[in-house]
Amino acid sequence: MLDLQFIRENETIVRAAIQNKNRQGIDLERALELAEERKKAAGAVTEINRQRNEAQKNRDAEAGKRLKDELKAAEEVYQTIEKELVSILVKIPNIPSADTPIGPDESGNKVIRQWGEKREFGFTPKAHWDIGRDLGIIDSEKAAEVSGARYTYLKGDLAMLQFALIQFAMKVLTSPDDLQAAATEAGLELNTKAFIPVVPPVMMRSQVMNRMARLDPIDERYYFEKDDVVFVGSAEHTLGPLHMDETIAEERLPIRYVGYSTAFRREAGSYGKDTKGILRQHQFDKIEMESFTKPEDGIAEQDFMVALQEYCMRKLGLPYQVMLICTGDMGFPDQRQIDIETWMPGQNTYRETHSADYVGGFQARRLNTKVKRSSGESEPVHMNDATVFAVGRTLIAILENYQNEDGTVTVPEALRPWVGKNVIEKVVI
RNA sequence: GGAGGCGUGGCAGAGCGGUCGAAUGCAGCAACCUGCUAAGUUGUUGACUGGGAAACCGGUCCGAAGGUUCGAAUCCUUCCGCCUCCGCCA
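Here the first sequence stands for residues 51 to 479, where the numbers follow my numbering.
Just to be clear, a hint being listed does not mean it is correct.
Under the rule of at most 20 Å between Cα atoms (straight-line distance), these lysine to aspartate or glutamate pairs were calculated in the EDC-like manner [what the hints assert, rightly or not]: (1) K276 x D266; (2) K160 x D379; (3) K205 x D189; (4) K243 x E360; (5) K365 x D266; (6) K122 x E83; (7) K243 x E300; (8) K176 x E360; (9) K344 x E235.
Here are the simulated distance ranges between beta carbons [what the hints assert, rightly or not]: (10) V248 x E167: 47 to 55 Å; (11) G367 x T130: 57 to 65 Å; (12) G319 x T130: 28 to 36 Å; (13) V478 x P154: 28 to 36 Å.
Don't read these hints as lab results, they were simulated from the structure. Nothing here was measured: the structure is a model prediction, and the numbers come from that model. Idealized CB from N, CA, C, for every residue including glycine.
Please model the complete structure; the sequences and the hints are all you need to start from.
This is how it looks when you write it as structure tokens:
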């Protein structure tokens with residue numbers, strides 16, 4: 051949610067954001083009107099309270115009785131206004147950063163850099179679903195019978211590779227040397243304080259998800275009505291509220307977490323899209339960064355997260371391109387979104403594997419996570435979240451980029467210590 | 001799932017219908033004092049919010065939301081969280 055004061059003072063900017071993020075139909079005029087009304091209503095409530103306190107001091111029962119009713123009425127008025135106002139405010143998207151390209155959809159995204167040589171195969175590279183099927187390491191058929199579409203069994207060395215990726219990522223994000231190296235390679239100068247590893251809950255109160263501005267569209271969430279909880283769609287969803295209703299002293303920032311969790315997505319509205327293989331699953335594992343910084347450090351923090359993503363990808367030797375996402379394609383709470391797309395030779399295209407979201411104080415405002423400055427002032431902290439690995443999609447990239455003519459797949463060197471072998475073999479049952 | 005207890009300021013911990021935004025201790029801040037080992041004395045110190053240049057004045061906040069009452073931190077209801085015991089369980 052944006053700050054009301056900010057909206058008042060920057061109406062044109064807010065209007066442009068609504069327009070460019072394709073969020074038309076928000077009655078900003080009405081919101082500003084309501085803000086005025088709310089101010090008046092609040093004044094009325096305060097005045098009645100003042101009189102009420104006086105009546106109490108004088109033990110004036112008669113006036114007390116009268117004021118009690120008046121207060122109730124005044125509070126109702128206030129609540130009604132407040133409710134309508136908030137209902138509009140929460141629909142207003144965050145303001146895109148100055149360097150965000152304006153565009154209607156993914157066609158407006160910009161490639162900001164590319165890395166890696168696309169490998170020359172001496173044969174026709176297969177798509178991961180064929181590699182997986184032939185090696186017996188991806189079993190979609192049985193999963194469909196047992197669980198439905200968009201679920202798979204990962205088996206054998208592919209299962210091992212999954213845990214290797216997790217280990218590798220956790221090691222990088224907690225090692226001072228790797229963090230410093232990633233920052234240096236990207237030409238960044240900042241505090242490279244290590245990430246705290248976390249295994250977060252994968253279910254959360256719908257109300258908190260709402261404060262993260264990630265509940266809508268609710269159709270995308272698995273919602274358990276009886277318990278009023280949702281499955282997370284990313285570790286970010288439970289890492290972000292890790293400091294809700296807290297005020298953090300500025301010298302404690304930045305605070306960085308790296309979380310491993312399973313993510314759940316209903317994929318409503320994507321019927322028929324990416325149905326082959328494991329690119330788009332209802333359930334997948336992900337390693338996610340989340341950080342809390344002083345407002346002035348927020349943008350650099352995102353650059354750092356992207357630097358770490360790239361550092362990991364280079365260690366794995368996977369060719370990628372970094373995309374600056376345009377207004378029409380970026381997330382609702384995002385100020386700037388940077389994605390990484392990885393080269394998938396079996397599909398002869400780049401596919402999205404990472405995302406880095408700089409949300410500024412947008413989530414922190416409703417989460418009530420604040421930073422207390424040494425001056426004594428407090429304001430919402432700025433938050434960043436970013437993928438380290440969407441495990442499934444990274445597995446795809448490895449399978450397709452490291453495949454051999456004989457159908458086997460070479461294990462990237464960086465992962466060998468955890469896989470325990472150099473080549474992924476066929477599963478024999 | 002059953003029984004009981006608890007939730008107060010940065011922390012500890014009183015208060016249990018009006019004199020309570022809340023004793024006291026610790027921590028913090030300021031001044032004074034002092035050669036002695038996390039010393040003493042005094043004063044001061046909550047958050048949010050409305051008005052004001054400021055001094056200051058007003059309002060809200062005792063886990064959350066409702067309720068009873070002229071009046072609630074104190075009574076009632078629901079919810080959330082924590083603790084103890086029993087049951088069950090990876």
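Hint check:
1. K276 x D266: Holds, because 19 Å separates the two Cα atoms, which is no more than 20 Å.
2. K160 x D379: 11 Å, holds
3. K205 x D189: Holds: K205 and D189 sit about 8 Å apart, inside 20 Å.
4. K243 x E360: 18 Å, holds
5. K365 x D266: 36 Å, violated
6. K122 x E83: This hinted pair is violated, its Cα atoms lying about 23 Å apart.
7. K243 x E300: 14 Å, holds
8. K176 x E360: Measuring from Cα to Cα gives roughly 25 Å; hence the hint is violated.
9. K344 x E235: 23 Å, violated
10. V248 x E167: 47 to 55 Å: Violated, at about 36 Å.
11. G367 x T130: 57 to 65 Å: For T130 against G367, whose Cβ atoms are near 60 Å apart, the range 57 to 65 Å holds.
12. G319 x T130: 28 to 36 Å: 34 Å, holds
13. V478 x P154: 28 to 36 Å: 51 Å, violated
Hints 5, 6, 8, 9, 10, 13, counting from the list given before, are not met by this structure.
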